[in-house]
Structure formats: structure tokens, C-alpha cells
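Protein chains in written order, with the UniProt record's numbering: chain A, 1 to 397; chain B, 1 to 397.
Incorrect hints may appear among the rest.
Between beta-carbon pairs, the in silico distance windows are [what the hints assert, rightly or not]:
1) 257/B - 257/A: 24 to 30 Å
2) 306/B - 72/A: 54 to 60 Å
3) 71/A - 333/B: 32 to 38 Å
4) 257/B - 100/A: 25 to 31 Å
5) 4/A - 61/B: 27 to 33 Å
Here chain B is said to cover these stretches of chain A; the calculated rule only asks that three of the stretch's residues, wherever they fall, bring their Cβ under 8 Å from a Cβ of chain B [as the list claims (entries may be wrong)]:
6) 14-23
7) 133-143
8) 169-182
So these bits of chain A aren't anywhere near chain B, every CB distance computed over 12 Å [unchecked claim]:
9) 113
10) 161
11) 210
12) 228
13) 238
14) 244
15) 245
16) 254
17) 302
18) 304
19) 317
20) 319
21) 328
22) 349
23) 361
24) 378
No lab work stands behind these hints: they were computed from the structure.
Glycine included, C-beta positions come from ideal geometry on N, C-alpha and C.
2 protein chains.
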Amino acid sequence: MSLPSLQQQFQVSFSYPVHFTEGLFEVSNPLLRDVLAQDGGRAPRKVFFALDSGVAEQHPHLTSQIVRYVEAHADVLQLSGPVALIPGGEQCKNQPALVQQLLEAVDAHHIDRHSYLAAIGGGAVLDMVGYAASVAHRGVRHLRIPTTVLSQNDSGIGVKNSVNAFGKKNFLGNFAPPYAVFNDFAFLRTLEDRDWRGGIAEALKVSLIKDAAFFRFMQAHAAALAARELPLMQQLIHRCAELHLEHIAGGDAFEQGSSRPLDFGHWSAHKLEQLSHYRIRHGEAVAIGIALDSVYSHLQGRLTVAELAEIIAVLETLGFELYAPEMVEHLTDAGHPQSLLHGLQEFREHLGGQLTIMLLDGIGTGVEVHEIDDKLMVEAVHQLQRYSRGVRPSAPL
Amino acid sequence: MSLPSLQQQFQVSFSYPVHFTEGLFEVSNPLLRDVLAQDGGRAPRKVFFALDSGVAEQHPHLTSQIVRYVEAHADVLQLSGPVALIPGGEQCKNQPALVQQLLEAVDAHHIDRHSYLAAIGGGAVLDMVGYAASVAHRGVRHLRIPTTVLSQNDSGIGVKNSVNAFGKKNFLGNFAPPYAVFNDFAFLRTLEDRDWRGGIAEALKVSLIKDAAFFRFMQAHAAALAARELPLMQQLIHRCAELHLEHIAGGDAFEQGSSRPLDFGHWSAHKLEQLSHYRIRHGEAVAIGIALDSVYSHLQGRLTVAELAEIIAVLETLGFELYAPEMVEHLTDAGHPQSLLHGLQEFREHLGGQLTIMLLDGIGTGVEVHEIDDKLMVEAVHQLQRYSRGVRPSAPL
């Protein structure tokens, strides 16, 4: 008997808001309460909070503030167990035990698909908690409350969750949109300079490949941004978040096809984080990655020396390093797992299929290429090394 | 500064074929080769095979057949490492080490998002391998080759992946459609009677709530189905698969809202599997669950005694048990974790929100209710107990 094939075909709609506020857990701020009150459920909603330990250190009253907030809005909200502290930073994504602890909490506190697992913290904690939320009961509702520039304008507002495994960044993960995102600018005031600055790298990245006007905004205000002028940073975060959301919605949100994430500068950034054992933080690594692929774009004749000099100047005014010593170890041996160039292969494998690297055809215009000339990339690394010693971009000798 | 909220909104399209064939790995069968050749990639595609040990025992030449098939189609296919044997049956979903082993294989053999992780086996192996495939690199392509009636007509063709945790079925999982499904009827010939029969329970389930004509088909052929007439089984699987695919596509495929999976008879089935330490297999448990909720529907006046008798008769002709001794232990103590009635609470928690149980308003018509009368359910259990002693459905005394 021959039976016809069946073709399954369907669409799934996803939507979530990204809110901007200051003082999310002040009892008088109705935002969180209102968003959950509109979920169509019956009160009170169970919420389990996972809090980045780094944030808790900077905000020692936050846990009691959360408890007070929930108590004050007991008609809508209910705590599911005590606020859990999660060790912050990329290292939390290397600890399977933390995911397991969150899953145990989901089990112990009977958090179901209509309950909420809220994460407050930097991108790493959001990634890790989001991963646990996405696989528990095939997905409990995930609230993201990003506390860093990087997570507020990029990683925290997207659809990806992940943890590291086998020494590889984001080896495990999936696509699972959050229920809602709350960007609370109050958290930015207490950031270390490194983390304040780090998040700007993702804004630079997206401006360089998509929006020259946004690059000019950052160029004009680079010194003020470095001096931590909060209103400028708020504008930067809002615009950067908007560009990232548009990219996700306009393309192939779950990266099923050949559509790419906004990953300019990222192949080397991922590798540098790993090579430096995460001494170099993600935003810092992205800044170096941007510098590297800008130099490479210039060496390929895609970017003028003036444009390259502008990019390098903005990075430096913001206070970024342009180079790290790990970049030259085993550099010319692309097959060596400790070589920066090995990152190209890992990058290809992680996304699958053909190698695709974003370069610049001028400021504001990204272009995808499928081949990288190792020798030219080595030359680009050496050029960055010279910049780090004070040499400035100039026409080739 | 007050900045407007951003609303993210997008749709993701999913599609995959469900093919029907016999002898998928016969070198002369072009199906598998052709499907992968059309993936838009460049040859050869890496495929890693995970094979249910139970299937391997019944088909001792399968591994070498797979190797020969891949070699014969080397322009399109390439093996990524040796065929991995996975201990079959529900127990494989209780072993986190198996997921870990698959992830290690993904890492070791450089299986990327454009490579394939193929699972050959019963529903449990497909669920487990599918889960690993869905989280590795945020999703490598998953080929499902279901070998049982149950997986060919239900679990293997849908969008769910899962493993068990904390003693709870499917506690971990997600929604991730397969790349393609291949139903190979040749595997059905070697099934144990229990597994041949077990899969019919899901067909009965979907017919009772959706399609009276399909129920009449099974009623007319119950004896022939029990006698293992393969062409009838092929028709049953095709129609059942079609109904399941329609339900997924027509509703809320990722169960984000209040839309429900086709889970008639399943709240008690899940609990019975657990209470019997998986001695009772899923299809067998579903048959009991169908009987139980049919009796309950009758006791509520939704189903006539004649309709109930027809359902019970079909289940018996097919060879199903209607009752298991685990059903009466701690029965009246719904708070006891070993009580069948505790399954109602677990079922609610797993899906979240309000309790929703499917009952029957006549054959072919499901109806959702949000409350279960414990006393009436206890009475339904006792009635099944009496049926198992030879008493037949009749009007209440």
C-alpha cells in the first residue's frame, strides 16, 4: 500500500513588550504589577525571582524591596519561594548545577506554565535563567529584568537563551521569547565602568552595519557617554533595542534559514572571551572584534582609511582596548584550538552551514562574506597590535 | 526621561513532511536521500544516527544496512560517527546521562545546525533524542524515524520533545518541530503484540473526541487490527497522523494560550505509568485512561450506556486491560502523591493555569471541563474494577 506524504505547515505568533522605567520595584511604580495583571489569568500570579549576586551586592536592599513590592501588590503577585541568588557573570553559564537548582525550584514551588520565572541581572544570568525557564514544563513564563547596558540593549531583549558546554559558548540553548522585558535604568548608575562601557560595543556594532546616523550620534557623544551621562545612555539603549527588535522581527527570528544574527565583530569576540578565560568581558571582546573586522574591511578596500580612523577613534574615546595579547598566540596556525583564527571554524559550526562573516562596506553598511583570507586577518591583528602601541590608522605604507 | 515601550511582534513559520514508506534503508529506496538532497545545502550532509536498542535487537542487520545506505548515497549523505545505540523504552527518558552522551556526540562529531541528528525508535527514544537535538546549538536538524504504532501516529509526528525529571514525566522539554518524519511500516511487523496494540489507543483517543467515522472504522476492524492485519494498520496510522497534524496546525502549536493538546484520557494515563513504574506502557495506560474518562462521562450523563458499552467493547476486542491495581491504592486520598487522583493536580501543574480535562459528549465529540468530582471519579474507578471482573456496562442499578 502506498500512502501519500502529509505536509505539516503552521505559523506561531510571538509577542512581548520591552518596557523602560526607573525604580521597577518601588511600591509606587505600577508597571510590573500592571503587566502581570493583564495576563488573562486569575490573581495572584506566582513569581519566582532569580537575582544576579553582583546586582545584589550593589543593591543590598533589593531583595527586601522585591518582597515589599510583591506584598503591596498581593492582589496580583505572589512570591514562589525566596529570592534566589545566582552568581553573576559569564561563569554562571558554565555551571550546570545552577540550571539544575532552578529546575528544582520550579519543581519544589510548583511553578507552572502560567507562572513566572523572573531573572534580574546581567546578560549571563538572563541567558541561564531563561534557558531553565524555557525547558521547564516546555516553557514557563520568563520575565527579564536586565541590569547592564549590554543586556538592556541587546542580549536581554531578544529570543535566545543559552548556557555553555564542552568549553563552548552557548553550546546549549534554544529560541524562546520572554514574556516581557523591563529595562530599569536605575541599575545603570551602579555599574562598574567596564560594564557601562561594554554595552556600548553592541550599539556600535548595530550602528556600523545598519544605521550610520546612530553611529554619528555615538561619535558626537562619545566623551559624554564615557563620562556616564545617563540621559544619553538611555537614548542609546532605546535606539539600540529598537534596532535589535526590528532585526529579529523582520528576519528569521529563530534562525532557521540563512538569515543571520547581528553578529558583526562576534566571531573573534567569542573566541577571545574563551581564550582569556572570560577575563575579557563580552562587550570588551566585541569592541576588539569590531576593531579587528573594521581593519580587515579596510585591508580589503571596503572601508576608507578615514572611516577606519573614525571607528578606532570612537572606540578609544569610549575607553575600549583594541587589542589583547591572546590574539597573537598560535595566530598563524588556524588549526590550533588556541588560535584566534580557530574561532572562524567554531563560529561556522555553531551557526551551521557555510561560513558567513559580516564586514563593512562603509559606515552604516554591513556586507556578508563567505570567505576570510587568513593572511589578511593576521595582518589585521598585527595592525591592531600596532594601534595599541599608539600607531594610528593611516594609508598603507 | 520617559521613553516609550517597544512592542515586539513576529511570526515564525514551521513546516515538515511526514512520509510513509516501507524499507527506508533499502539502497533502492530513494526517499531519505531525496529529502536531504533538497535541503538547499551542498553535499554531503552529515547525519548522526541514534538507534533504539529494542529495534536493533529485532533488526540485527539494521546498523549495517544504514551504513550501506549512506555509502550508496555518498554524494548526499555522510555518517557522523558510528550509529549510537540508545536503550529503548520510557526508562531512557529518566537517564540524564543519555542526553549528555548525545550532546557529547554533537560536539565530538561537529554536528552543526545544518547537520542531522536522526532518531530511529519508539516514542521515548524519539522524545529524548529530539530533546538533545533541540538544545544543541539551539537546534540541529532532527529526523524522526518512528518504529512503533504509537510514535508513527502520534508522538513521533508532533512538535514536542522531552525527558523526565524529578520523577515527573516530560518535566523537561520544549517545542521544536522535526526536520522530517519517516514512517517505515516495515518496523511494525516485528513489534511485540503489546506495542502493536498500544498505539491504537491514541487513534481511539483522537477518534472519540474528533471523528466518529474514524471510531466506526476501528470498531468495524477491531478484531482484524488485533489480528495484526498490516494494511488496516497503515490506514489507521495515516488517518490518525493526519488528525494529529491538523490539530497542531489548526490550533496553538506551541500551547502558548489556552488551546490544549489532544489529551483525552491522559491525566490518569501519565499517573498510571508513574505509579506502575512504567510496567504499564503509555498506550496501555491511555487505553485505561480512555475507559476511565468514558465511564466518568457516562456517570455525568454525557455518554449513553450504549455508547460506553461500545467503547469498552472496542478496547476489549483490541486486547486492552481496562484496569490496573495501582488505581485503587490511596484512591480516595487525592492529596497522597501515590493516589491516582493526585494525577489531576500534576496534570494541571504541567500544563499550567486552570485544570482542563477532556470528556466525551457522545462518540466523536470531546468537551472540556474544568472541574472533576473526586467522588464520581472514585466511582468510575470502581466500575472499571468491576468490568475487569467480567461485569459489563449497564444502566445504573
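Status of the hints after comparison with the structure:
1. With their beta carbons about 27 Å apart, residue 257/B and residue 257/A fall inside the hinted range of 24 to 30 Å.
2. In this structure, residue 306/B and residue 72/A meet the distance hint of 54 to 60 Å, their C-beta atoms being roughly 58 Å apart.
3. Range check, residue 71/A to residue 333/B: about 34 Å between beta-carbon atoms, so the 32 to 38 Å window is met.
4. Taken as a hint, the range 25 to 31 Å holds for the pair residue 257/B and residue 100/A, whose Cβ atoms sit roughly 30 Å apart.
5. Roughly 29 Å separates the CB atoms of residue 4/A and residue 61/B, a value that falls within the hinted 27 to 33 Å.
6. Under a criterion of three residues with beta carbons nearer than 8 Å to beta carbons of chain B, the stated coverage of the segment 14-23 of chain A is upheld, 7 such residues being counted.
7. With 7 residues carrying a beta carbon less than 8 Å from a beta carbon of chain B, the segment 133-143 of chain A meets the three-residue requirement, and the given coverage holds.
8. Check on the segment 169-182 of chain A: 8 of its residues sit with their Cβ under 8 Å from a Cβ of chain B, so the three-residue criterion for coverage holds.
9. A cut-off of 12 Å between C-beta atoms contradicts the statement that residue 113/A is not in contact with chain B; the least separation is 3 Å.
10. The Cβ of residue 161/A sits about 8 Å from the closest Cβ of chain B, inside the 12 Å cut-off, so the non-interface label is violated.
11. Interface exclusion of residue 210/A from chain B stands, the closest Cβ pair being 16 Å apart, more than 12 Å.
12. Look at residue 228/A: its CB is around 15 Å from the nearest CB on chain B, clear of 12 Å, so calling it non-interface holds up.
13. Not every Cβ of chain B is farther than 12 Å from the Cβ of residue 238/A; the closest lies at roughly 5 Å, contradicting the non-interface assignment.
14. Distance check on residue 244/A: its Cβ comes as close as 10 Å (rounded) to a Cβ of chain B, failing to clear the 12 Å threshold; non-interface status is violated.
15. Listed as outside the interface, residue 245/A is inconsistent with that label: its C-beta sits roughly 5 Å from the nearest C-beta of chain B, within the 12 Å cut-off.
16. Look at residue 254/A: its CB is around 5 Å from the nearest CB on chain B, not clear of 12 Å, so calling it non-interface is violated.
17. At roughly 26 Å, the least C-beta separation between residue 302/A and chain B is larger than 12 Å, which holds for a residue marked as non-interface.
18. Residue-level check passed: residue 304/A sits 34 Å from the nearest beta carbon of chain B, beyond 12 Å.
19. The Cβ of residue 317/A sits about 23 Å from the closest Cβ of chain B, beyond the 12 Å cut-off, so the non-interface label holds.
20. Non-interface status of residue 319/A relative to chain B is upheld: no Cβ of that chain comes within 12 Å, the nearest being about 24 Å off.
21. The Cβ of residue 328/A sits about 26 Å from the closest Cβ of chain B, beyond the 12 Å cut-off, so the non-interface label holds.
22. A beta-carbon of chain B is positioned within 12 Å of the beta-carbon of residue 349/A; the least distance is around 5 Å.
23. In this structure residue 361/A is separated from chain B by more than 12 Å, as the shortest Cβ-Cβ distance comes to about 26 Å.
24. The Cβ of residue 378/A sits about 24 Å from the closest Cβ of chain B, beyond the 12 Å cut-off, so the non-interface label holds.
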